[in-house]
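**Q** Below, each chain spelled out in residue letters.
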Amino acid sequence: MSIDNQQQLDQSIKKAQAADLAGRITVGLLLLVGSIVFMAPFYLMLTMSLKTRGEIDTTSVWSWPQTVTWDNYKTVLQNPNVNFVQFFKNTVFVAALSTLGCVLSSSMVAYGFARIKFAGRDRLFILVIATMMLPGIVTMIPTYVLYKYLNWVNTYYPLIVPAYFGGGAFNIFLLRQYFMGIPRELDEAAILDGASHWTIFSRVVLPLSGPALATVGIFAFIYNWRDFMGPLLYLNDPQMQTLEVGLSTYNSLRDQQWHLLMAGSVLVSVPLIIIFFVGQRYFVKGIVMSGMK
Amino acid sequence: MKRQRTAWLFVAPATLHLLVFALIPIFASLYLSFFKWHILKPARPFVGIHNYSSTLVEPKFWNAMWNSTRYAIVSVPLGIIVALLVAVLVNQKLKGITVFRTIFYTPSITSGVATAMLWIYIYLPEHGLINSMLSALGKNNKTDFLNDPAWAMWALVFMSVWTGLGPRMVLFLAGIVGIPQTLYEAAELDGASMLRQFWSVTLPMLAPTTLFVLLTSTISAFQVFTPVYMMTKGGPLDTTDVIGYHIYWEAWSKFNVGMASAQTFLLLIVIAAIAAFQYRIMKNQLEGYSVA
Chain A
1 MSIDNQQQLD QSIKKAQAAD LAGRITVGLL LLVGSIVFMA PFYLMLTMSL
51 KTRGEIDTTS VWSWPQTVTW DNYKTVLQNP NVNFVQFFKN TVFVAALSTL
101 GCVLSSSMVA YGFARIKFAG RDRLFILVIA TMMLPGIVTM IPTYVLYKYL
151 NWVNTYYPLI VPAYFGGGAF NIFLLRQYFM GIPRELDEAA ILDGASHWTI
201 FSRVVLPLSG PALATVGIFA FIYNWRDFMG PLLYLNDPQM QTLEVGLSTY
251 NSLRDQQWHL LMAGSVLVSV PLIIIFFVGQ RYFVKGIVMS GMK
Chain B
1 MKRQRTAWLF VAPATLHLLV FALIPIFASL YLSFFKWHIL KPARPFVGIH
51 NYSSTLVEPK FWNAMWNSTR YAIVSVPLGI IVALLVAVLV NQKLKGITVF
101 RTIFYTPSIT SGVATAMLWI YIYLPEHGLI NSMLSALGKN NKTDFLNDPA
151 WAMWALVFMS VWTGLGPRMV LFLAGIVGIP QTLYEAAELD GASMLRQFWS
201 VTLPMLAPTT LFVLLTSTIS AFQVFTPVYM MTKGGPLDTT DVIGYHIYWE
251 AWSKFNVGMA SAQTFLLLIV IAAIAAFQYR IMKNQLEGYS VA
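Chains as they are written, first to last, in the numbering used here: chain A, 1 to 293; chain B, 1 to 292.
Note that these hints are calculated values from the structure, not bench results. What you are looking at is a predicted structure, and each value in this text was computed from that prediction instead of being measured. One thing to keep in mind: the hints can contain errors.
Claimed, not checked - When the alpha-carbon atoms are kept at most 27 Å apart in a straight line, the in silico DSSO-like pairs for lysine-lysine are as follows: (1) B:254 to B:36; (2) A:14 to B:93; (3) B:2 to A:117.
Said to hold, decoys possible - A short, non-exhaustive set of chain B residues, derived as facing chain A with CB atoms under 7 Å: (4) 7; (5) 25; (6) 92; (7) 96; (8) 104; (9) 117; (10) 269; (11) 270.
Think of the CB as a built atom: it goes at the ideal place given N, C-alpha and C, for glycine as much as any other residue.
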């Protein structure tokens with residue numbers, strides 16, 4: 001009897017293991033096919049940027065370049081009318097300063113909402129979160145008028161200054177959730193030692209929030225790097241442009257100069273992909289741990 | 001008292017932002033919508049409700065609203081379903097799973113302009129990726145997707161699934177990770193299949209995440225701009241003239257700031273109606289967060 005039972009158990013374990021293995025293989029295959037489909041456009045971008053114009057016209061889109069040429073990149077980088085090197089500096093300048101503002105101010109605000117009780121806190125928080133739902137296009141015109149009165153059109157201020165005012169509702173929300181997960185006993189110990197909220201914020205909460213701050217910072221940097229409407233509206237001087245708008249001027253060359261378009265696209269995208277790759281181990285952690293569920 | 005002052009200092013940046021970049025612009029937008037104003041000229045005559053009355057009888061405005069609606073109605077559910085399925089897949093504990101997560105996220109963090117130009121190429125009639133794949137399968141197709149009124153909108157929708165997957169996938173993934181494992185164990189004891197577990201445990205537990213994704217995706221679908229600006233300029237025959245592009249063009253090409261503000265305000269009402277529709281559930285969700 002007991003031997004029969006044992007055999008049955010062994011069999012069902014084997015069955016379950018087989019089903020598990022089959023499931024894993026299916027999932028693996030689906031992921032593989034899905035990611036090939038997802039990567040195909042990038043393969044196209046890369047190979048076209050390494051082909052000559054003639055080769056693009058005459059060979060299959062799928063083919064690897066017969067001879068890899070870096071000339072397209074040289075041409076794009078040396079084009080005096082669309083100065084990528086200058087645009088790169090401009091973009092890094094704008095994105096870095098906005099990111100700094102975003103991380104500083106969103107963490108500060110999130111601390112206020114997470115750790116201090118004050119009258120009207122919850123109502124204010126809901127209102128701040130509600131701005132996440134406010135379409136940017138609704139505020140586009142009045143904001144432009146405001147910057148025009150401040151004489152900020154054709155300066156970098158409209159692209160940088162707003163980040164210092166809270167750094168965006170979603171970031172506040174994310175950091176608040178994260179801060180709420182940090183044990184309060186730590187604050188209380190610090191308060192007993194006579195520490196102020198500024199001290200707790202900078203010495204206790206921030207040092208414990210690495211992944212969440214990294215998440216916010218990486219996304220702020222990527223967001224600002226990719227911003228298209230902002231520079232398009234506010235920067236008129238061609239020398240002040242960012243990469244994204246600079247790259248868009250190549251759009252007029254489509255139909256003939258795909259090799260240059262793609263080389264430019266790779267140049268603008270690669271820094272983003274590198275930053276994302278380096279930072280990606282933080283952000284799922286950052287989002288999961290902040291209780292976004 | 002001191003604590004109150006400290007608290008307000010901490011949240012002051014967001015409060016100022018709320019005033020200067022949200023509340024005041026909403027009212028300024030309403031105010032401007034009653035004037036006729038060319039942004040580069042000083043004259044700004046009051047025209048009452050003229051901007052509204054002429055917008056409401058303007059076929060191009062309704063065309064743009066309709067285009068945004070059909071863009072949202074197809075791209076949002078499609079994007080959500082794909083994101084949910086991918087999130088389930090990348091939640092599996094396989095070796096190297098983070099590589100897959102990164103791959104599926106990459107389109108969302110690539111330059112939007114580069115992405116748009118890449119997809120112009122993909123949709124080309126002769127050398128494009130789609131038509132050359134079809135011809136490899138023995139089907140000779142020369143559809144010029146972006147210049148064909150029947151196809152242009154769906155070309156943008158299809159691309160949006162690719163570009164928009166990343167953030168949605170991560171939100172769903174975070175949601176799935178947060179589901180208590182005991183629920184699955186109980187379901188397994190009851191003999192529920194994988195599919196049944198997904199249907200009866202995963203989906204209902206993800207309701208708050210789904211609502212959040214639904215709402216934010218819908219709002220951004222109504223504002224889609226860069227792909228339209230880069231790929232179709234609203235054409236062919238205005239079939240991709242979505243409301244975000246239409247308002248931009250009204251304000252910065254025709255410099256009809258008053259008219260654009262009126263249209264903006266009408267758009268806000270439409271979006272607010274959609275948001276109000278889900279307000280209660282959204283509110284419950286936010287309360288759920290503060291408990292967490």
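**Q** If you check each hint against the structure, which ones fail?
**A** Checked against the structure, the hints that fail are numbers 7, 10 and 11, while the rest are satisfied.
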